[in-house]
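S.K.: Spelled out from the first residue to the last, the chains are:
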Amino acid sequence: MQSRVWKSGDPFIWLAAGALGTALLMIGGLFWLIITRALGVFWPAELVLLELRTGERFLGHIGAVEASPDPENSKTLVRRIQVQVANRDLSSADFVWIDEDQIASRTRPTDAIVVERQEWGNLFGWLVAVTEDGEPIAQGSEQSWQVLQQMLPQVAAQRGRIRRLEQRQLGDINYRMEQTRLEMKRYELRGDDAGALQGVRERLTRLQAEYEQVYARLEAMKREAQRTVAVFQTASGQEKSVPLVQVVRAYWPNQMSTWQKVRLYCAKFWEFVSGEPRESNTEGGVFPAIFGTVLMVLIMSCAVVPFGVLAALYLREYARQGPAVRLVRIAVNNLAGVPSIVFGVFGLGFFIYSVGGSIDSWLFAERLPTPTFGTGGILWASLTLALLTVPVVIVATEEALAAVPREHREGSLALGATKYETIRNVVLPSALPGVFTGLILAMARGAGEVAPLMITGVVKLAPSLPLDHHWPYLHLDRKFMHLGFHIYDVGFQSPNVEAAKPMVYATTLLLVSIVVFLNLTAIFLRARIRKRLHAGAF
Amino acid sequence: MKVGNPGATLSFPVSDRVVRERVSEEGLTQALASRGELPDAILSVRNLSLSYDGQHWALQDISLDIPRHRVTAFIGPSGCGKSTLLRCFNRLNDLIDGVQIRGMINLDGMNIYDPRLAVTSLRKRVGMVFQRSNPFPKSIYDNVAYGPRLSGSRNRRELDEIVERGLRAAALWDEVKDRLDDNALSLSGGQQQRLCIARALAVEPEVLLMDEPCSALDPIATAKIEALIHELKGRYTIVVVTHNMQQAARVSDYTAFLYLGRLVEYGATDKIFTNPDQKETEDYITGRFG
Numbered sequence: 108m109q110s111r112v113w114k115s116g117d118p119f120i121w122l123a124a125g126a127l128g129t130a131l132l133m134i135g136g137l138f139w140l141i142i143t144r145a146l147g148v149f150w151p152a153e154l155v156l157l158e159l160r161t162g163e164r165f166l167g168h169i170g171a172v173e174a175s176p177d178p179e180n181s182k183t184l185v186r187r188i189q190v191q192v193a194n195r196d197l198s199s200a201d202f203v204w205i206d207e208d209q210i211a212s213r214t215r216p217t218d219a220i221v222v223e224r225q226e227w228g229n230l231f232g233w234l235v236a237v238t239e240d241g242e243p244i245a246q247g248s249e250q251s252w253q254v255l256q257q258m259l260p261q262v263a264a265q266r267g268r269i270r271r272l273e274q275r276q277l278g279d280i281n282y283r284m285e286q287t288r289l290e291m292k293r294y295e296l297r298g299d300d301a302g303a304l305q306g307v308r309e310r311l312t313r314l315q316a317e318y319e320q321v322y323a324r325l326e327a328m329k330r331e332a333q334r335t336v337a338v339f340q341t342a343s344g345q346e347k348s349v350p351l352v353q354v355v356r357a358y359w360p361n362q363m364s365t366w367q368k369v370r371l372y373c374a375k376f377w378e379f380v381s382g383e384p385r386e387s388n389t390e391g392g393v394f395p396a397i398f399g400t401v402l403m404v405l406i407m408s409c410a411v412v413p414f415g416v417l418a419a420l421y422l423r424e425y426a427r428q429g430p431a432v433r434l435v436r437i438a439v440n441n442l443a444g445v446p447s448i449v450f451g452v453f454g455l456g457f458f459i460y461s462v463g464g465s466i467d468s469w470l471f472a473e474r475l476p477t478p479t480f481g482t483g484g485i486l487w488a489s490l491t492l493a494l495l496t497v498p499v500v501i502v503a504t505e506e507a508l509a510a511v512p513r514e515h516r517e518g519s520l521a522l523g524a525t526k527y528e529t530i531r532n533v534v535l536p537s538a539l540p541g542v543f544t545g546l547i548l549a550m551a552r553g554a555g556e557v558a559p560l561m562i563t564g565v566v567k568l569a570p571s572l573p574l575d576h577h578w579p580y581l582h583l584d585r586k587f588m589h590l591g592f593h594i595y596d597v598g599f600q601s602p603n604v605e606a607a608k609p610m611v612y613a614t615t616l617l618l619v620s621i622v623v624f625l626n627l628t629a630i631f632l633r634a635r636i637r638k639r640l641h642a643g644a645f
Numbered sequence: 346m347k348v349g350n351p352g353a354t355l356s357f358p359v360s361d362r363v364v365r366e367r368v369s370e371e372g373l374t375q376a377l378a379s380r381g382e383l384p385d386a387i388l389s390v391r392n393l394s395l396s397y398d399g400q401h402w403a404l405q406d407i408s409l410d411i412p413r414h415r416v417t418a419f420i421g422p423s424g425c426g427k428s429t430l431l432r433c434f435n436r437l438n439d440l441i442d443g444v445q446i447r448g449m450i451n452l453d454g455m456n457i458y459d460p461r462l463a464v465t466s467l468r469k470r471v472g473m474v475f476q477r478s479n480p481f482p483k484s485i486y487d488n489v490a491y492g493p494r495l496s497g498s499r500n501r502r503e504l505d506e507i508v509e510r511g512l513r514a515a516a517l518w519d520e521v522k523d524r525l526d527d528n529a530l531s532l533s534g535g536q537q538q539r540l541c542i543a544r545a546l547a548v549e550p551e552v553l554l555m556d557e558p559c560s561a562l563d564p565i566a567t568a569k570i571e572a573l574i575h576e577l578k579g580r581y582t583i584v585v586v587t588h589n590m591q592q593a594a595r596v597s598d599y600t601a602f603l604y605l606g607r608l609v610e611y612g613a614t615d616k617i618f619t620n621p622d623q624k625e626t627e628d629y630i631t632g633r634f635g
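Chains as they are written, first to last, in the numbering used here: chain B, 108 to 645; chain X, 346 to 635.
Chain B extracted, bound-state conformation:
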């Protein structure tokens, strides 16, 4: 009886299904965790005012609840709740743990306000007044709120003007000054005509003057912006004045309708994907990291595909099949198992120091000792990743080449095509879907890789994107930000890990989404090519 059950193979089917189910469950659980945690980040939670028996008052978001043994009586458990109280500049800690039995009352004050600031993170408290040059223009919570509501859009515009002045105009002048200095140095290196050198020097002086002028204007604007101040009171009774220009956003979470919350949610989400980071990356957006990640993956793809396809073509089509080729194939497969950090070290030694150093001494001598390509940059990071992922492309392409039907090759050869013409016109087009499969796998691997990037060009905060309006527009020598590194940096290197936790989930979700998006694009392209290859196949 028992042996019949075994013979039928049913237990094996259950085992197989169970294995698959477990794998799916774990993957699903991981995604569920990331998605729920990440999507909750931007939801404006309610503010709760906790009054303790000791008379202390805390205003904040209720977080985790935890049971821990009572220090006096180890048999009973004490429940503690974590409260995010923000006000980092006033109370030094973002979070406090409060024993539940200490709490005298919990209320939700309707006029409690959340203020997102440019610096020092959020402020939780009550709005007291709005002042201009020290003179109050609004008093009391309600009136001040009205005034604040009116002024915030103007303030945002003002902040935008300051930023533009700082980054565009001042940045442009800085850039031109830098170029002029380099020109000067080139003349000095060549040692020729003093007239030209003099001209350049004068240009530099003019630029310097222009810089001073813009800088003075900027200072004036900043002073102007400091004039209007909002005064807040915190739960512990402290008063805090915040210049309006520092206020990114302010809202009363306890009296917002769901619709208002949804709008705020969308606004915050948009800020996250399109904005620049603040407060050592723990707040604001991650746009530079998104940009860096996508650009790096694209450059990597552009490098890895031709390289991998050519290598696979030689291995499969031209090399004489024998022990040597088998050895190469084994070596290529094993490359995929080399720890990624080793590739990083190789990238540092080969690309940055050797290749980059040589490029610098030939083409950018005037900038030395400041390295241009002789230091980490998006190009070297992409090439390092290309090296890391090239085995995947080679293996996938080789398989695709092997799968091209012999009839197709013979059909082409029988028409008088050379081997090269056959490969170009018949074999490669048929193998293209396989090449795309390799590319998809390579992108998935490359986009998630962090370790090799840390020594080949990723930085915590890049001053400028690798793409801007200065010639040659794409600056492959620049350092860049990356979502994977951002996760590591925010989650484990920031001074306030607990506050940065939501950011980690949100960034993880974003990185996963980008990888999925890039892959879907490649899969879509592959499907179109496949359709062309097998249209109406029966």
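Hints were generated in silico from the structure; no laboratory data involved. All of these numbers come straight from a predicted model, not from anything done at the bench. Mixed in with the good hints there might be a few duds.
What the hints assert, rightly or not - What the simulated footprint calls covered on chain B by chain X, stretch by stretch (three residues with Cβ under 8 Å from a Cβ of chain X suffice, anywhere in the stretch; the number is not a length): (1) 502-512; (2) 530-543.
Said to hold, decoys possible - In silico DSS-like links for lysine-lysine, alpha-carbon gap of 30 Å or less: (3) B/K347 / B/K292; (4) B/K638 / X/K624; (5) X/K624 / B/K526; (6) X/K483 / B/K638; (7) B/K526 / B/K567; (8) B/K608 / B/K638; (9) X/K483 / X/K624; (10) B/K329 / B/K114; (11) B/K368 / B/K608.
Each residue gets a CB set at the ideal place from its N, CA and C atoms; glycine is no exception.
Start from chain B and add chain X according to the hints.
M.R.: Just chain X, lined up with the frame of chain B:
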């Protein structure tokens, strides 16, 4: 491709002596020529032997002449070497690693295995249609234009003409003229095979090799291809390998019977099918083995 193994146990005795006698240069070809049965030869094979591995000879000492503008059929059981022999004519066997070929094949008096000869120019003169239709995964137009483009025809109007001529020659033009840009794989099996013929004809070869061109087709598609062969033979020399003896009888002027890598008998199709000289041929044709 299976290779006949001379060492294997035979189902009936083959007399080495008889085969060699029938196939020798003076023997068959001259006899046919003297009887006026064999017009001038475009391809002449002399003492051709071929081995894939250096040990077993898939073709053994074959000599025969292929007459110009006629249809010649190769028949014989699986693994007898008829496809291998066919693929010698356009040197497709060269692709196989370790293949050894001895003997000589002349195309209009020029040795095709001459190392100074570009194999691509040979293949433009000797076209081929395969057992399984193998249109490229491109449009119908691009399939037919493939060969001419290789030869450097880039002019659209010129190509249009070549494509139309090729498709008309393969009796496919009326069926596909409105959808030349469709993928070739959207055609039916028989149409695909005719497309392959059109593709081969577009290069304007002198000889057309057909390796079991109908084995994957239904009877109607087969009939169309056979009719096409009849039409084409006025302009092209056709060599067709077939498993189907009725087909050989229907389409060919001359028939060669190969068995275990040897040419057993070669002659006018009528004679082979009605009054073969060799007992093996008769046994095969009457279905006693094979």
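S.K.: Taking the hints in turn, state whether each one holds.
M.R.: Here's how the hints hold up against the structure:
1. 502-512: With 1 residues in contact (Cβ-Cβ under 8 Å with chain X), the coverage given for the stretch 502-512 of chain B is violated.
2. 530-543: holds (count 4)
3. B/K347 / B/K292: violated, 51 Å
4. B/K638 / X/K624: Violated, at about 54 Å.
5. X/K624 / B/K526: Violated. X/K624 to B/K526 sits at ~44 Å, over the 30 Å cutoff.
6. X/K483 / B/K638: Roughly 11 Å separates the two Cα atoms, so the pair holds.
7. B/K526 / B/K567: Distance ~50 Å between B/K526 and B/K567 Cα, so the pair is violated.
8. B/K608 / B/K638: Outside the cut-off at roughly 45 Å; violated.
9. X/K483 / X/K624: violated, 48 Å
10. B/K329 / B/K114: Cα-Cα ~82 Å, so violated.
11. B/K368 / B/K608: It holds: about 22 Å lies between the C-alpha atoms, which stays within 30 Å.
When held up to the earlier numbered hints, the structure conflicts with 1, 3, 4, 5, 7, 8, 9 and 10 and fits the remainder.
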